[in-house]
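Residue numbers (this note's numbering), protein chains in the order written: chain A, 1 to 245; chain B, 1001 to 1933; chain C, 2001 to 2295.
Warning: the hint list may mix true and false statements.
[Stated by the list, open to error] Just a few of them, taken from the derived set where beta-carbon distance is under 8 Å, the chain A residues facing chain C:
1) E54
2) L121
3) F195
4) E200
5) L225
[Said to hold, decoys possible] Residues of chain B placed beyond 10 Å of chain C at every Cβ, according to the derived structure:
6) A1334
7) K1606
8) K1632
FYI, nobody ran anything at the bench for these hints, they're computed from the structure. From the three backbone atoms N, C-alpha and C, an ideal C-beta is built for every residue, glycine too.
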Amino acid sequence: MTCLPAATDRKLGLVIDLDTCVGCHACVIACKGWNTQYHGAPLSDMDPYGPRPEGTFLNRIHSYEALPDDGGAAQMVHFPKSCLHCDNAPCVTVCPTGASYKRAEDGIVLVDEDACIGCNLCAWACPYGARELDRASGVMKKCTLCIDRIYNENLPQEDRVPACVRTCPAGARHFGDLADPDSAVSRLVAERGGFDLMAELDTAPVNKYLPPRRKDRLENAAPPLTPIASGGGLAGWLDRMLGGG
Amino acid sequence: MNQPAASTSPRVSDEIRRTTCYMCACRCGIDVHMKDGRVAYIQGNRDHPVNRGVLCAKGSAGIMQVNAPSRLRKPLRRVGPRGSGAFEEISWEEALEQAAAWLEPIRRSDPSKLAFFTGRDQSQSFTGFWAQGFGTPNYAAHGGFCSVNMAAAGIHTIGGSFWEFGQPDWDHTRLLLLFGVAEDHDSNPIKMGLGKLKARGARVVGINPIRSGYNAIADDWFGITPGSDGLLILALIHCLVEAGRIDLDYLARYTNAPVLLDRASGLLRRDDAGRPLVIDRRSGRLCPFDQPGIHPDLRGSEGGDSTVFLAMLQEYLDPRHAPENVAERCGIPAARIRALAAMIAHAAFDQPVELDRPWTDFRGEVHRKMVGRPVSFHAMRGISAHSNGFQTCRALHLLQILIGSVEAPGGFRFKPPYPKPAEAHPVPHFAARPGQPLEGPHLGYVRGPEDLALCADGSPARIDKAFSWENPMSAHGLMHMVISNAHAGDPYRIDTLFLYMANMSWNSSMNTRGVMDMLTDRDEDGNYAIPHIIYSDAYSSEMVAYADLVLPDTTYLERHDCISLLDRPISEADALADAIRWPVVRPDRDVRSFQTVLIQLANRLKLPGFVDADGAAMYRDYADYIVNHERKPGIGPLAGFRGDGTAVGRGAPNPGQIARYIANGGFFTHPVPAEASYFKPWNNAYQDWAVRMGLADKPQPYLFQIYCEPLARFQNAAKGQGARQPPDHLRQRIIDTMSPLPIWYPPFDEAAQARDFPLHALTQRPMAMYHSWGSQNAWLRQVHGHNPMYLPMQVWERHGFAEGDWARVTSAHGAITVPVALHQGLNGDTIWTWNAIGKRKGTWALDEDAPEAVKGFLLNHLIHELLPPRGDGHRWANSDPITGQAAWFDLRVRIEKLAPQSASDPGLPPVLSPVGRGPKDLAWRVGTKGNAP
Amino acid sequence: MHAAPSIIIFTVLSGAGFGLLVFLGMRGDPPQGLVAFVLFAIAYGLAVSGLVASVFHLANPQRAWRAFSQWRTSWLSREGWVSVAALLVMAPHAAWLVFFGQPLPVLGWIGAALALGVLFATSMIYAQLATVPRWNTALTPAYFVTCGLACGALLAGQAGPSLALLALLGAVQLLCWWRGDRRLAARGHDLASATGLGFLGRLRLFEPPHTGSNFLLHEFVHQVGRRHRPKLRAIAFAALCPVPLVLVGLWPATAGFALAFLSCMLGCFVSRWLFFAEAEHVVGLYYDAIRGPAR
């Protein structure tokens, strides 16, 4: 089923606030824990206590520094990255077996692990590094948007969000329907100028990123302070502030 | 076309067991999902007051901690030389017998021969009680090398501090200043709070040499030069005072600003009952500060004595505090300092927060509203781990007080049982008597020289020299000095060193290599200088190899614990709260919870408080103690579900208490009444509530201490007044540093070292490993497997560094060889690295060529507990002269470029692993196939 | 990109095998009998061993049959179909030549077209990837097809086509390198477009997500040493074009063709290794791991 659906009823995805993410890796590990225990094959770790520990992760956080052109101080941005559930998902169409597919009802891009031959081509086709081949199981792993949480009737309604969103301490991750212009996530994107990653590749990602706000703009942000008794010394200060006395 | 079917409703678990996380000091509530009796998945508890459902990376990685291959399995007795790691497994009976055989004789002869220090202990009210029963004065936890400056300055100034003591008013603040915070005990609440601030567009300012983490999302970054925070704060105070942008009403009502200062003694004027005296503005009469109906006069004077307020004005209006005069030293342009002061004033006074909540103050005045200054602060080790840290922390609290933002809406709020002024805390108890318990708790807040822990001959009574003239107000003890003092026999020799959860032969010590030598050093008879070492830990940490007897602890999911109001609880500003841990899984090893082992030892040693008059054991295990121990009648470790199950705070022990906690999600919470929610130190409703809850014995309203009188008492002693006199070589230093008004002085030895060691060197704990007990966690170690030394652009370019280069970093004490990397958002005179990534070869069940052991490194090798010799006959401690806090961040270094190396240096020889090595791969899945619906 | 030996072997060997089949299918005077047997055995041997090698690249080879299902969108699936079709269609033609000394020209021509189609389908697996700008160009099919055909022509011992194809291959190879080195920059991908953070200033990676390696770095981030690159390119080019050209031009006998083929194969292997190793996957931008002309 590697043809992409012409349109999906909903576009479930994440909105990630780069102005709020502190880079704590909570989402990375919550994702690892949930997806090791539930959907599909566990996310394995090779050489976990050795010289080259290397595991499968569906969400990773990069940290970048930006040096402003105006000579200001360098700024750091923590940058979580997982599958963006693209409308034009190139990872889906390249799959030779139909293991990769995009769901018509909610737009989630999934891998049918029983059909995956582990050819890696979908990972090659993804510009974002969202897919990782699990070395123990030999199948391609990727963010499922916690499909086994968001519809899970064994979970309370409020917990039916991806594990990364539920755990994010700073509230930098938002989950919702980006096809609905009135959804909270769509409004956030509109208000804060949410953007696509590598838009030039026309993958039409569903996930959006909210840009960091401009930093280091303190000068002139508040009325300047002026001495109340310039030259008047302590006595002058007391008279002005406490009155004669 | 059919799309494949995906299973969307798998069964999540058989059962959820709710307990408390122990991956750091944050103590979040966790939902442990169980499958087939094993831990399947850990998530945050949505109902929990600390974390409201969120959970950090460490918490979510708990499953790898509970199943870590580094877990100790059985008691161990050393068979090889100390430090080799050669052990034999023994039974618990043998282990307890051995421990008792060492402890019983010293208790009978001289209990001070035992030094009992606990590291990341979250049961200090219990371990302290045990040590008290044993009778040794030598007990403390890790606060002395952590942040005692912050705690002591806070208690002495405002009756509380940050982290467990209080928090920003996240819902109302409009401006938050973070001083020296990379990560904190309050790790999830800070992140949640920052998220709230960001969501409503409030401003966050980060003051930190390093721009990462919280400082990365701060709207404004002040890349301050280490050790100069106090200077910056006093400059902000100068600007605010000079412009008259301070809260005079608040100062007059709630602080000792209007209290009269006795010109001759420098002490506060007091009445016969000891109450500080003020002048009532309307009557002009001299009155005790708390007399109903009075309005204290900031400008009052009597008999030639004037107020603290005037002394303060004189001090901080002085032009030496002007931004222009501190800018260079701080590494911050004067204009930016002025802009920050202006922003503080603007946020505090132009946009006050008003809550429609009437309240009554301790003088009987009724206030219609709660008016607050929406500027809040949070600070941590960055400002406190300096030799000027105590005064810097005091300065920060003064700034908070001046703008009236402590315990006011939008500002900083205490969490019950705080506020609690120094006078409400005990003074230190230290008199050791053969076979007898100590008369009271070890740690406390000294009011003056009379409270110091000194022997009759004036020598320190404690092995760590806490509460001595070298560091009179060392409220958390000095764990980092114990081993070197015990090794040197200064002030005396000990017999047994008993440590819990403290990696003293590694990242918890300065001079790591030297400490290893001290632990293995022998006297002329071939006996170890420290004769016996008992160590308890759940994991094969670096310290294990240096113990003679190892008592294997349980992991946090296998034990009972209480996060008690007697200790540092988990309260929020709007509620008191405490919590438990309980065994959600059974240990699969022959291990016992350390607290239970202490009880078993106490029963063998027949320690008072643990056995009744007939010598019969009062408690079976720690759970029994948690439920049945009463510190005072009706007040026990847990506040919830007392008596018949409905009593709060005070009530008889309830045998069903732990079951009630478990049913309630592992915690208990009780709201602070709305009219008691702010202005707690002066709010009658709060004071009465606190007494009802058992947090205080009587209402105890108090004034914030702008002028800290205990400091003046020490200065007076140093000037020759009083019966208790400091040694002469300390007099001038006491006079210079123990100013009763906050001051700044350069970090010790800075002038001597600046030429040879031009750079500052710091560490930060990564959020994914902050305070967590070991980085052997299979998931977390992939995130931080080794640590580069980060260099600023200036240093990078000056030395011509390129990617992949290494460097030799040298301090006055030693040198290390390390990999380097560039960090542009960094103070130009500062280098830094992630702390405690480096591991000793052979520990933590890691391969000997694990990156932590090969590339990873510790900065500790560069830091000594003493300053370099200065030719004056004394070795001065590398710590704050007031509290003894380890001055980690005073470190000065120089750097040289090296070609790429294969391993960092010093590379220490491996130790034998008592637990073998971890498995070659993991594909963690418990229970039957998780996808089954 | 990671240069996996199985993929290099597969593309080079099966390319040569199908290239030979093109010539065996469309030659007006095809070889017969034993010669036909030997040539078809070589062609089938190379094609099939290449396909088998490609299966070793799979993490779950037992499910390889599923790869035939998605021919509507997947070039890998199409490649599977076309190669099976080419091998099946060509079989009777081969059998007739070996056993009866007679061609089946219609099947031969169809088989040749299918074999050409295999070369094209294989190339499109790479050429379709917008994530690897160096490959995402019409030069990639040109390169794969000329490689396969040149090897095939040499194996078929056809001097004229060999000389023409070797010359063309040399030109295509040089063009691939010349254009390829500029391709990433020309497409406008950089860390700023990858992160959307260019508005903040000049960007650099401060810390990668993990201190260790991972699948993405193994698979997508490979840097050819600055000093090795010109040497390897020189070897590849010489072995692909001038050496076999001279050999065939001066010694148009079986031995000359054989030596030329071996040279060409060597060139193909080195060139194919470079094809992968030099290719920059845009995911490398996130790791700030793309160095060289693109920066």
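Hint by hint, here is what the structure shows:
1. Of the supplied interface hints, the one on A/E54 holds, with its beta-carbon coming within about 6 Å of a beta-carbon of chain C, less than 8 Å.
2. At its closest, the beta carbon of A/L121 sits 6 Å from a beta carbon of chain C; the interface hint therefore holds under the 8 Å criterion.
3. About 5 Å separates the beta-carbon of A/F195 from the nearest beta-carbon of chain C, less than 8 Å, and the hint is met.
4. For A/E200, the suggested interface contact is upheld, since its CB lies about 6 Å from the closest CB of chain C, less than 8 Å.
5. The interface hint given for A/L225 is violated, since its Cβ lies 31 Å from the closest Cβ of chain C, which is over the 8 Å cut-off.
6. Once the 10 Å rule is applied to beta carbons, B/A1334 is consistent with being away from chain C; the minimum gap is 25 Å.
7. Against chain C, the non-interface label of B/K1606 holds: every CB pair exceeds 10 Å, the least being about 52 Å.
8. With 10 Å as the threshold on Cβ separation, the claim that B/K1632 sits away from chain C holds: the shortest Cβ distance comes to roughly 51 Å.
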